[in-house]
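Asks: Once you've looked at the hints, dock chains B, C, D, E and F with the ligands against the given chain A.
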Amino acid sequence: MLLQVDTGNASWILTATCLVLIMTPGLAMFYGGLIRKKNVLAMFGLCVAAMIAVSIQWFLVGYSMAFGNSIGGFVGDLSYAGLNDVFLMHETATGVPATVFVVFQCMFAMITAAILASPFAERSKFGSFLVFISIWSLIVYNPIAHWVWATGGFLSQAGVLDFAGGTVVHVNVGFSAAAVALVIGKRQGFKKDPMEPHNIPMVAMGLGLLWFGWLGFNGGSALAANEFAGLAIINTNLAACTAALVWIVLEYVDKGKKKPSMIGISTGVLAGLVAITPAAGYVQPWGAFMIGLLVDFAVYPVLKWRTRSNLDESLDAFACHGIGGVTGAILTGVFASVNGATGLVAGDATQVAIQAFGVVCAAGFAFGVTLVLAFLLKKTIKLRVKPDEEYVGCDVSVHNEIAYV
Amino acid sequence: MLLQVDTGNASWILTATCLVLIMTPGLAMFYGGLIRKKNVLAMFGLCVAAMIAVSIQWFLVGYSMAFGNSIGGFVGDLSYAGLNDVFLMHETATGVPATVFVVFQCMFAMITAAILASPFAERSKFGSFLVFISIWSLIVYNPIAHWVWATGGFLSQAGVLDFAGGTVVHVNVGFSAAAVALVIGKRQGFKKDPMEPHNIPMVAMGLGLLWFGWLGFNGGSALAANEFAGLAIINTNLAACTAALVWIVLEYVDKGKKKPSMIGISTGVLAGLVAITPAAGYVQPWGAFMIGLLVDFAVYPVLKWRTRSNLDESLDAFACHGIGGVTGAILTGVFASVNGATGLVAGDATQVAIQAFGVVCAAGFAFGVTLVLAFLLKKTIKLRVKPDEEYVGCDVSVHNEIAYV
Amino acid sequence: MLLQVDTGNASWILTATCLVLIMTPGLAMFYGGLIRKKNVLAMFGLCVAAMIAVSIQWFLVGYSMAFGNSIGGFVGDLSYAGLNDVFLMHETATGVPATVFVVFQCMFAMITAAILASPFAERSKFGSFLVFISIWSLIVYNPIAHWVWATGGFLSQAGVLDFAGGTVVHVNVGFSAAAVALVIGKRQGFKKDPMEPHNIPMVAMGLGLLWFGWLGFNGGSALAANEFAGLAIINTNLAACTAALVWIVLEYVDKGKKKPSMIGISTGVLAGLVAITPAAGYVQPWGAFMIGLLVDFAVYPVLKWRTRSNLDESLDAFACHGIGGVTGAILTGVFASVNGATGLVAGDATQVAIQAFGVVCAAGFAFGVTLVLAFLLKKTIKLRVKPDEEYVGCDVSVHNEIAYV
Amino acid sequence: MKLIIVIIRPERLHDVKVAATEAGAKGMTVIEVKGRGDQKGIKLQSRGGSYEVEFIQKVKIEMAVNDEVVPAVIEAVVRSARTERGPGDGKIFVLPIEEVVRIRTGQKNCDCL
Amino acid sequence: MKLIIVIIRPERLHDVKVAATEAGAKGMTVIEVKGRGDQKGIKLQSRGGSYEVEFIQKVKIEMAVNDEVVPAVIEAVVRSARTERGPGDGKIFVLPIEEVVRIRTGQKNCDCL
Amino acid sequence: MKLIIVIIRPERLHDVKVAATEAGAKGMTVIEVKGRGDQKGIKLQSRGGSYEVEFIQKVKIEMAVNDEVVPAVIEAVVRSARTERGPGDGKIFVLPIEEVVRIRTGQKNCDCL
Ligand SMILES: Nc1ncnc2c1ncn2[C@@H]1O[C@H](COP(=O)(O)OP(=O)(O)O)[C@@H](O)[C@H]1O
Ligand SMILES: Nc1ncnc2c1ncn2[C@@H]1O[C@H](COP(=O)(O)OP(=O)(O)O)[C@@H](O)[C@H]1O
Ligand SMILES: Nc1ncnc2c1ncn2[C@@H]1O[C@H](COP(=O)(O)OP(=O)(O)O)[C@@H](O)[C@H]1O
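Protein chains in written order, with the numbering used here: chain A, 1 to 405; chain B, 1001 to 1405; chain C, 2001 to 2405; chain D, 3001 to 3113; chain E, 4001 to 4113; chain F, 5001 to 5113.
From the derived model, a few chain C residues whose C-beta atoms are all more than 10 Å from chain B: (1) LEU2060; (2) GLY2068; (3) SER2079; (4) LEU2250; (5) LYS2304; (6) ARG2308; (7) ASP2312; (8) ALA2349; (9) ALA2356; (10) PHE2357; (11) GLY2368; (12) TYR2391.
Capping the alpha-carbon separation at 16 Å, the derived lysine to aspartate or glutamate pairs in EDC-like fashion look like this: (13) E:LYS4034 <-> D:GLU3032; (14) A:LYS192 <-> F:GLU5052; (15) F:LYS5017 <-> D:ASP3038; (16) B:LYS1191 <-> E:GLU4054; (17) A:LYS192 <-> E:ASP4015; (18) C:LYS2037 <-> F:GLU5032; (19) A:LYS191 <-> F:GLU5054; (20) D:LYS3043 <-> C:ASP2193; (21) F:LYS5017 <-> D:GLU3054; (22) B:LYS1192 <-> E:GLU4052; (23) C:LYS2192 <-> F:GLU5011; (24) C:LYS2304 <-> C:ASP2254; (25) A:LYS257 <-> F:GLU5052; (26) D:LYS3034 <-> C:GLU2196; (27) B:LYS1037 <-> D:GLU3032; (28) D:LYS3026 <-> E:ASP4038; (29) C:LYS2191 <-> D:GLU3054.
Calculated directly from the structure, the hints in this document are not laboratory data. Just so you know, these numbers come straight off a predicted model, no measurement behind them. For glycine and all other residues, C-beta sits at the position ideal for the given N, C-alpha and C.
In isolation and in its complexed conformation, chain A is listed as follows (with noise of 0.2 Å):
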């Protein structure tokens, strides 16, 4: 039953819609880019397919799995499968229609399994990655979704502080990258050939579009066009830009490199972009500030351990998005100190811990079902394409198109 829509705080949601929508293009300009020009539709292909994955299943049972009445604070039940009468529902306690917040939350499943391409880049049939996705999307994301921000979901319950999604979407996508590039393995030349990115322009452009879909990924979660938004699109605006800026110095004084790269910067910016998501409202602009010139420590040697290693996580999903979510969520138990949240700097060092317990728990969940899953799915329909389609490069072989004449 409609009570009272506050038409601000759900414009401002309706706008944090769309820009949460145009982050899968930009992620799909951001992967495309890195990688070779024989696959860069390939590419796009599986962005827009975790796109309609995820949106269908979504409307049939996703949105109830993820946010329906909790059984065991585990998953939704199915009141609430195929939105009918959705419009009817109430709104948000920030009066954001349910309509708007149903949606709103569609994209974040969205782009979460959008960056799960990254193992499958430049060798997996399309068929398959569809199938993969809407599955992992259904048994991975809906449920780990619920756990943290569904009315009784057990980690939401246990107090696990996450303003955007530094656990829901990337802790649980950077394991779940892990786990396929474990069990998909590596392309064809990997570490022979040279594996050039192809346009850099395009991640640039990319990344443009994910900064700007990432404000209203962050400041949409406030849920309301309040301070604490405006507050989130400054902390992540900031954290992104510190993070950054290390990066740069990073580069410079490693002994292999020199030079700051534009795709380490963009990478930079990406790592501060991930970190500042559990914490955006959470933690004052000088903790945003921390958390950028933190979060590159970890990411930047296990991005480096990830190249040198056998393990063909195509486009560092595991590195960015895990190892910066895992951080991320860890220092918002370290610095969280406003809106309602209570971290290490303000007194409270057990919210590190729940903070900790929140990412094992989710980053278990999805590396052990993401693997299982990979495994079945590679041993039935099969993961990769032929050698020689592979050779040959996914475009002309899975989509019969040339990207570029």
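Replies: Leaving out everything else, chains B, C, D, E and F with the ligands in the frame of chain A:
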């Protein structure tokens, strides 16, 4: 006279205005990537020409023709010509200031005109298109917008449902495009030379911006930040994704193709977006799902027929917008059931007939007037560049530029 | 202390914040496409460096310098340095929370700094630009923003009208760019080697994002979702389109050109956007139309003069933003007539003089201080890469990357 | 065997391909090049003025053909590549080839051209 | 000295490079080209249907080598470039070179290949 | 007549053009290529580390010239293309041409180079 602005609703329509604006650059990219490298700048030129022509005519007389006091239900009078003191005019019933409504509607007129660049692609003179589109906007778009959306417009009075422009925008422009294509004639080498899309990532990026903007297009058409704006966005996104999935299946089972292409997926998304436009705020999510499921069965065969035919309606505005728009308008009559609308499934079969009536009026008028207009301009100022110039490409011959070095 | 948030107004300014953010990536594309392929990443690097430097200084002291308690009308004190407890500060008169205002203004400071990349293009050291732009933002931007927009700022008290930053942003950055160009010197091969724009579609796409963002830039400057926000958007769009049309005509009648170019049309749009900025909420639509009609007559000849001259102000920030900004500021004094402003046409000729006074102060200060700053940095940390590095291109020599494979 | 190197205006590619094929040049390899000769550069527009493109877009075709068809191919190319636009139509260079191998079969100097 | 011109499928470049280098062709220059021969064009999809690409992406390698290694290089290229995909594997052309100069040193006909 | 094939560093193109033109090579065709020789690949950065580009960007110039200017052109190219950056300056190959045709006029072996 200003009575009571609802800042929340106003905020959302201001936002939606910006979102609809970005659709035109998005369309320019979508179209530009689908054509040959030698004409991409000229395509951008046509789209910006549409923006220029429409904005100026909208200010001079267009808004008044579309939304002025109705002259017999056919067109508005010129009482608002020149938009003087527009900030003093009173707001919509939902508390959106007149200024905001004026520019929101201006963006609709702009993107509609830009879509009509389709049959001019790769062959038209810049100046002639500028003249054409100014007149077309004046004598085709403004009246049809009046019929459907203005108080007293005759289709509005007949009860035609058009939430966000299925008839005004898509049916109108689709049939206009067909008329232009008949008059302007096919490109040199049509069906002889390969006319390969020169930059498919650009197509996909353009689609991303279109999708993003469309949420404002359809969501903003609620003219309020309420539950129906949210519903419209749920439905828009769901129909787009569903239609994309159907398109994938259709290409997969099509013996001539067998593989889902990125251009195909993009076309599916587009078809879904077009078809849901008139219905966005009038159907339940399952209705949107049905519309997404059904629309491709109309658009796909027409697109294939057009490709085989001799009609060089180069970017398929007729198939995608025209046929997609007709399908959407009719299905709105079938599935409408909420927000005061009652279609077939809700018990009122006559709505389908009313929708069909609206479609016939708009399509007939648009096709007929555009045919005459294009013909007259062809005979006077000429529509096409010289054969030699066409061969060299419009970028060099019309703009004296090369797109990429 | 929070008194009363108007969520509708807050929502619109949150949105406008995001819109202004995307202008910087848009500018990076606009600039990046206009230069040679070997320097495109470095251009993106300069723009992101501006974002980084400005965001951090804004948090540390910038906001306070610009909007803190006025010290003699010249600069703010440091009472808000570090932005502590910013979410508790009270909102604007229109009910927009302080947090939102802080970050909205931060985005203005960012895009302004990024525009100043123009004379550094294709030759500057990354680190030096980072240092330069940090200091410039601190000692040039912050004071000028204070003069015009802060309570007690001396130009504000003098009655200067600057709706959205004609003086603060455009005049300021335009004259700063000229100063830098004088100090840094011209690129190797300037006027000898062809310096062809390497990717004009990227220019056009960047323009699309700039246009989109500019609606938030000007519309958001109403600080409310009201009729003047709508008016500002009507005017912004109309002036952009009108100026584009005039530019087309100017190129058409220009004996050296004869054809309207896409870069020319884009420049016309930009000139219109710049010129309407100070006037957006103070003029009637016909005033915007007049400003659009007139501005090119100042910008076009200056741009042509600059190109013929020896001044390698590579991306014409001086001509477009400086001269366009001066023109717009003066014409605001001519056409202002609504929203509490009274210009020449409304009977107050002194407003033109006041506007001229504002322009002279801003232009003089910006030019002078920037000249000294650039000179000092040139003598100490050097501004340019080595000649060899410049020849090879900054992408490889500064960032160790190649834009496109 | 000869290697016929042909440099033409890009817009003539299709016609030259057809004409050369008819004249007996079955296989060919095409490369986008930029060239300079009697034809002056073209002036394109940049922001404030115009700039001259020193090298102009051309297409280079390389055709390995048997000696006997050389005159016919040359004639066909000249006919199909010629325009009436003054300098810039291009050149043909004929070079000797000592050996030809078809990779698929490893055959040498075969009838594989 | 000979100039060995090799046209291969793009995906074979890496292997051909390794094989040719081992066979004695140290320096080489690589160019992306499009070609036409026995291999028919490939059909790609466009919006409503499909279109044929007349010229197919190939890679051309030019290697100037000393006479004595020519047979070994040819053999290495044939071996490493061959696929089982039917027409399209490419061709090798051997042309005479009259003079070679290394720019860095100005040396002529040196051991610089 | 000879075909002089020159492979140089891209940044030397302008100077080489000027020098070669002065030395008598009026027409020329330019192609962007990638090469490999004594010069090792360059290391570029990727996300986590760096990767080696095996083939390095070069520019290839082809000039058909009359026999008598060959030495002058070679000398001009060597002079203008040489840098002090070690390996990578490139090579010059001189090949015999048997016939030249100017397409515009159909003239053979004319003074059209
Ligand atoms: N001597 C030459 N060596 C190599 N390429 C040449 C030579 N002369 C002309 N070309 C190529 O042929 C193209 C057309 O030559 P140009 O002299 O402009 O036209 P035309 O042959 O009609 O006088 C040039 O752009 C260049 O690519
Ligand atoms: N006579 C020729 N002259 C120049 N290039 C040729 C010739 N024949 C073939 N090629 C090149 O070799 C490529 C492969 O040739 P094709 O005839 O398709 O394969 P195959 O040699 O296996 O029969 C062509 O795409 C073309 O680039
Ligand atoms: N034998 C060769 N055949 C063909 N091209 C060669 C050969 N040797 C060198 N090149 C070309 O010349 C370029 C420069 O050669 P390199 O050996 O690196 O420099 P240098 O000649 O100064 O020692 C290479 O990148 C390659 O393009």
